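Participant: Residues per chain, in single letters:
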Amino acid sequence: MTKFQATLRKNLILYITLAVLVATFFVAGQGMERKDFVITLLRGFSVGAVTFLVASGFSLIFGLLDVLNLAHGTLFMIGAYIGWTVYVRPDTFVDLLTPMALLICGFSLSNLWANLSTKSWFSLSSKWVLPWAFLLVSILVALFVLPRYPIATWDLADYANSPGTYSFMADQGTPIHAVASTFDKINPLLAIGGLIVASLFAAFGISLFNRQALVSKLNVRDFIPAALLLFIGLGSFAANDSLTAFLTGLSSNWLFLIAILVAVLSGAGLGGLMEATLIRPLYSRPIYQLMLTLGMSAIGVEVVRSIWGRPEFTMPKPPFFNGSGAGCPAESFSAWWQHNCSTIFLLGGRVRVYNEIFIPLLGILVLVAVWVLLQRSRLGMVIRAGVQDREMVEALGINVRRVFTMVFALGVGLAALGGVLAAPSMGLSNAMGESLLLNALIALAIGGLTSYPGAALGSLLVGLIQQFIIKYGTIGIPIPFTEIIFKPTPPLVPASTVLLMVVVLLILPNGLLGKKE
Amino acid sequence: MTNLSSFFRQNRGSLITLLGLTLLPFIVGLTEGASPLVVWKNAGGTSKFVEGLAIEVFILALFALSYDLIFGITGLLSFGHSMFFAVGAYLTGVLLKNFHLNLWQTIGLVFIAAVIQALLFGLVLPRVKGITFALVTLGLSSVFHIVIMSRELGDFTGSDVGLQGVIVPAFISPANERLRFYFVALAVLLLAYLLYKRFVNSPTGRICVAIRENEARAKMLGYNTFTFKLVALTLSSITAAFAGVLHALYQPIVSPNIADMGFTVTALLITLIGGVGTLNGALVGAAIYRLLDFGLRRYLGESASFINGAIYIAFVLFIPYGIVGTWRLKSFEIKKGWERLVKMSGLG
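Top line first, the protein sequences correspond to chains A and B. By the count of this note's numbering, the first sequence reaches residue 517 at its end, each step adding exactly one. By the count of this note's numbering, the second sequence reaches residue 1348 at its end, each step adding exactly one.
By construction, these hints were calculated from the structure, which means they are not laboratory data. A few of these clues could be false.
[Stated by the list, open to error] In silico BS3-like pairs for lysine-lysine, Cα to Cα no more than 25 Å straight-line:
1) B/Lys1330 - B/Lys1343
2) A/Lys515 - B/Lys1129
3) A/Lys471 - A/Lys487
4) B/Lys1129 - A/Lys10
5) B/Lys1219 - A/Lys515
6) A/Lys10 - A/Lys515
7) A/Lys487 - A/Lys35
8) B/Lys1197 - B/Lys1343
9) A/Lys515 - A/Lys3
[As the list claims (entries may be wrong)] Quick list of simulated restraints, FRET-style, between CB atoms:
10) B/Ile1319 - A/Ile176: 47 to 57 Å
11) A/Leu234 - B/Val1147: 57 to 67 Å
12) A/Trp371 - B/Thr1204: 45 to 55 Å
13) B/Thr1017 - A/Leu143: 34 to 44 Å
14) A/Thr24 - B/Gly1262: 46 to 56 Å
15) A/Leu365 - B/Gly1154: 25 to 35 Å
16) A/Gly427 - B/Gly1262: 15 to 25 Å
17) B/Ile1319 - A/Leu373: 37 to 47 Å
18) B/Gly1295 - A/Ile16: 52 to 62 Å
As the structure is a prediction and not an experimental result, all values here were calculated from the model. Don't be surprised by glycine CBs; every beta carbon is placed ideally from N, CA and C.
One chain only, chain B, in its complex shape (with noise of 0.2 Å):
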């Protein structure tokens, strides 16, 4: 057996589902009767809609990657992580608008604001623990919600209408060329996540962790453990404000409510979702997530809400390690129980 028919064997189901989103811009434009040409060449209606969707997930799923990294696997709860998207969206937007620099320029900028925003962050992150840090991070970014809020800076950031306006450059228009922008997030959210897997199973990573089940004992241990919360801080916020970038690329209008507590909320639900500190669980919630919202809005309108927090309340009292979690703690059982099945059945 060679190495790489292993590598294949054990990255099964990431691979499918890879070559399966590779492909679903086609396979969709293909139900309707689109030839892979015409889907190519951004022509097809429905596969343009599809893609607009899985965008949208990409970049959610990046955004509850980063705070996975945070929460789940370093164990800070923070509650100020939309500041991090925020920074990244508004940052694009006002670059590319008001100061007219090209899309690497402007990314090169966000790239060095997201490490100085952790650095803000890892500024306290001595001082404070537990539920106070979680209250701190919402002071900062409410502060930030505020000030991009304000009417002064309407200029810049479209005061509470939001910002609008962006020139995208024509390459990665979602508007002409969605499709080229649909593998560009994909390619993106693959890349944060094969990093992520690497950073979890390196050195540093297990000090993370080991940090997440008793801070004490990794000091006990000699880790400077405020330099490894840093570290997490800083790759997680790195991420947060790319996703931002991804968004203010992609939205016509960024609107200020991704600012605001109730985005962080939606990270912390997608993990909840998906599974708390299994990085995977964090993209698996994000698709839960906004297409359940999307489907519920689509056919119930107003009450969609209800039924979102209901299902909620369902998972922290009934699944509560999420759905990828569970899959982990019970894939052994599913597997013989499967067996037991297809053995009944007579066709094994």
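Just chain A, same shape as in the assembly (with noise of 0.2 Å):
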């Protein structure tokens, strides 16, 4: 018997199931149109390039921590909010810079308070009356601080000064320039120190709670990130109106992207922290990760209510994606490059660039991006290592906690990305995350839980099948034999993908392309 007579016995099951998927594709492409369907097929991989942003940080998480992370919905809705905070407010974007870069500025320096907490007079003291003792100076001087520090934003009881009409006026092509805000509250420098102190007493207090019996030697590597962030909070505090009046007057293009990066590095160092404040003292307790991680996901919800409020509203897209007027809708690419149409002519029908080209290409190059960073870099192949045999990376010597943070870390930054790219053309609203995770859920569920190839396979099918029977839902199906024209109607959309994730995990308990147990 050759090789590929027993890869075809082995994966018999696997590869019917493939065909079935196939055949079906093609008979769903018979009822309509050729311009219907490549709408509909571009709309299908839009929809797919977001589930799979979202997905493949869900299954990297999952399959090296072994974390459901269910709160990786929210930190995607996060992520979409604080890029629409960065392309439609600016201002409130560098006033923010400050505090956060301050704050986060101890945490960056957890190997200097690990050496720390194992000298002998912290050690000697008691266990649990100093490590609080820091928390709570920490929180009565940032409570003291923050209320008072001056941020330009948005007011959610105001109308003409809510983020819809923020959101409206950029549009527009009009955007509002808020009054900017100033210290008369507190004193600058009294702010500057206080949220200094918060943040280190907060680290250092936070690091006790935890002690570590063996602490690797303090290096000058370790103070690189912190001093960055310092220079980065006192930078933005010193140049604040200067750094305004730039990003206002910079292009929306330019600004876009500035978006998506601080949407992707905030999201990160979110995820980043989250493993190592909340996740990490809970690796010997699975089920309970789950339950954290629902706890994050509400508070996330309602942190996103408080902050942004319950009205949906839209982000803009960026003007390179958003013309109209003389020669649009495009008839080709070189026509679309000269004019930045928003739509453009493609096999006949008419296909918004953004939604149904932009996200899909994002979504393919962040594939390829992660595929090399797991197949070509050390990194990766510490990751695929410890996916297969956590317990033996470790005992080969490799800091796997470190890695752990990475991968958690890059994952939510991943579902950030989706986030930011999605916010345009889905809109912001505080259902976004749920129903997006149980797309990327339901996409892992039939791809492979842990299989990154899997998780886009899967990730396509979810989008694909959503977007056919939406397109079906207004042709509508002739039943074979009978006068009668099925039309789907919308609740069939998300029942279709749950359907095939049953049946799939029916026919293959590990998804189409999970490894078998």
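Reconstruct the complex from the two isolated chains, following the hints.
Facilitator: Here it is, written out as structure tokens:
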């Protein structure tokens, strides 16, 4: 028996399933015109790409850390809202930069704190009193400084000053420029000093809670992130006005890029912080991680509601993808390049460039980039090895904890990227995270929970099925041998993917590309 | 020492709680000056309100108890448990409202439906394990959620508005005969609790615990684990469906929220607060959850869920065995500490 036959026999069910799916896809394509087919296909790709960004991070985290991060959808949503803030309200972003950088600065010195906490005068003192005292002081200082710190912000109660209005005006090309806020409630130096003290005390207090017996030696490199954060914080404090003027004067395209960058970085930072402080103590109790991430998710939604409000609003598309007027809709890509139209004719169908071309392309780019990272870099090697056998990697002397934090940060960063990319096409709402998390879970269950290619395949399937069902909702499916035309209603869109998931899991319990146990 | 007195001694705590719950409406009535007779005739204001709150706690406790059986005792992580509850609630509503059956016929049909849906979950049980089982059950329950939300069934389920206009039989109407409803709910909860207690201590229940601890080993010892899991699932499904029946009878509107994953999560959190796998933890947890939610919503309004979430995280991090679990672990130390305190104060 040849090798080919052996693989065929081993994966027969998988190939039959895939063949059935492909056949269904072609049958689905027969029922509609070519232009509808192109549009539906591209929309499916678009939804699939966003789902993939969430699902891939989720599967990386689950594969390596065994943490089912149910807060992933909420983090996706937070990424979207952060991106919106940078894009529509750069002045708020600059104002926030100083306190945020200073508050995080202390936590980036983890090795220093670990070293300090082993010193005899700290280890002799009580196990509980000292850490709580440090935390309490830090919280009190933060509570004193933060409410008095001037931040140019929107007002949820005032319609003319609400996020929706800002979004709308920016979309019309006439963004509102809010009045800059000044230090009138607190002395600037006191504020800066207070924030630094709060950050240092909080980080030290938390490190005293979980003391480690073994700490690596202090190195100059450990101070680099903190110095960088301090520089960013103080620099943005000193150059607040000029930075705001620079960002508001900048072309919206560049601002969009900055928004993506900031959303991804803050998502990654948030993820790293979450892993290091909350999830790390729970590796020995898997079910409790699940509960923890559920609680985080509830808290995250509430935070978003209290900051950005409950009403939905949109995020304007960058002008690069939003042109209209002469020469639009574009007939070809070169024409589009000249006019930057919002839509383009592709194989007879009128396609939105941002939603249906840019997002899928970026999705593919991320797919390739993370694939290269996983297959070709040392970190990727450690991650893959860790998915296979975590204890063995640890035994080989690799600091798996640090890799855990990095993977968590990477996963959440990917989700935040998905959020900020989806914001202009999906709009921002409190419920966007929940629905996307369900999509991503279904995609992963179909593709295989810990398989990276499986995440891509599953997301693509979920996106395509949803979009084809939506399209057939307007066309209608003629049922053979009868006169009845069946029109799938909107609730069938989520139901169809869920049903596919149940069927796939019953045939292949590990998903399409999941590894057999 | 007779058998009876040893029985009283052993179950002192439970009996006192039961007595307290029986007298609760009357005591609340007395605090605002209403005599027990007034309370008996369902005329008291505050006591009626407290009864209502307690009924909600009982229903939640019944639901959480059934979740504790499959999650805490048998070790099956299911994300579709809300479907068990919602099937009971919606079926009751639809049968009473659209088909004009009487209560006993309805309860009989709900019983059959509960067994059938447990068998449906049992269908996937041997195929998938662990987190995949959780995802498949989540899938099944979201299909059910989508079905009851669909517009085509609006006449029956009320789609996204919720099921309303259920004609509750007069002898148990929550508006006029709330005290009776209170005692019925309490009795159902008590019966379910005793049944569960007996089940867990029976040979079948011990094997369920063995499956939670190590399924391969239970199999190796010659038990067909599938049967035992199915038994636990069926019992749990019936209990949850009965909680759903009470919910549909008590609430004026059955909202579709009870069918989505959030409600399963509620059960998960309640068992966590009380202590996973302890049974009476589910009862304590339900009371704490509902009263905390009620209190926070009353004084903090919208930001209540934020505080709720923070409390769950604190529980996960600092009280992992829940209230009852920690009490069982530490009760000896606590008793010793109490005795020392008494001795030090010179009273003992």
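Participant: Quick one, are B/Lys1129 and A/Lys10 close enough, alpha carbons at most 25 Å?
Facilitator: holds, 22 Å
Participant: For the range 45 to 55 Å, tell me whether the beta carbons of A/Trp371 and B/Thr1204 fit it or not.
Facilitator: holds, 50 Å
Participant: Could you tell me whether the CB distance from A/Leu365 to B/Gly1154 stays inside 25 to 35 Å?
Facilitator: violated, 45 Å
Participant: Looking only at beta-carbon atoms, does the pair B/Thr1017, A/Leu143 fall within the given range of 34 to 44 Å?
Facilitator: Check passed, 40 Å falls within 34 to 44 Å.
Participant: Run the distance test for B/Lys1219 versus A/Lys515: straight-line Cα separation, threshold 25 Å.
Facilitator: It holds: about 24 Å lies between the C-alpha atoms, which stays within 25 Å.
Participant: Can the restraint linking A/Lys515 and B/Lys1129 be considered satisfied, given a maximum Cα separation of 25 Å?
Facilitator: holds, 14 Å
Participant: Is it true that the CA of A/Lys471 sits at most 25 Å from the CA of A/Lys487?
Facilitator: holds, 10 Å
Participant: Would the hint linking A/Lys515 and A/Lys3 be met if the CA-CA limit is 25 Å?
Facilitator: holds, 19 Å
Participant: Range hint 52 to 62 Å: satisfied by the CB atoms of B/Gly1295 and A/Ile16?
Facilitator: holds, 57 Å
Participant: Within 57 to 67 Å or not, the Cβ separation of A/Leu234 and B/Val1147?
Facilitator: holds, 58 Å
Participant: Assess, step by step, whether the Cα of B/Lys1330 is no farther than 25 Å from the Cα of B/Lys1343, and give holds or violated.
Facilitator: Holds: B/Lys1330 and B/Lys1343 sit about 20 Å apart, inside 25 Å.
Participant: A/Thr24 and B/Gly1262, beta-carbon distance inside 46 to 56 Å?
Facilitator: Cβ of A/Thr24 to Cβ of B/Gly1262: about 33 Å, so the range 46 to 56 Å is violated.
Going through the hint list in order, the structure does not satisfy hints 8, 14 and 15.
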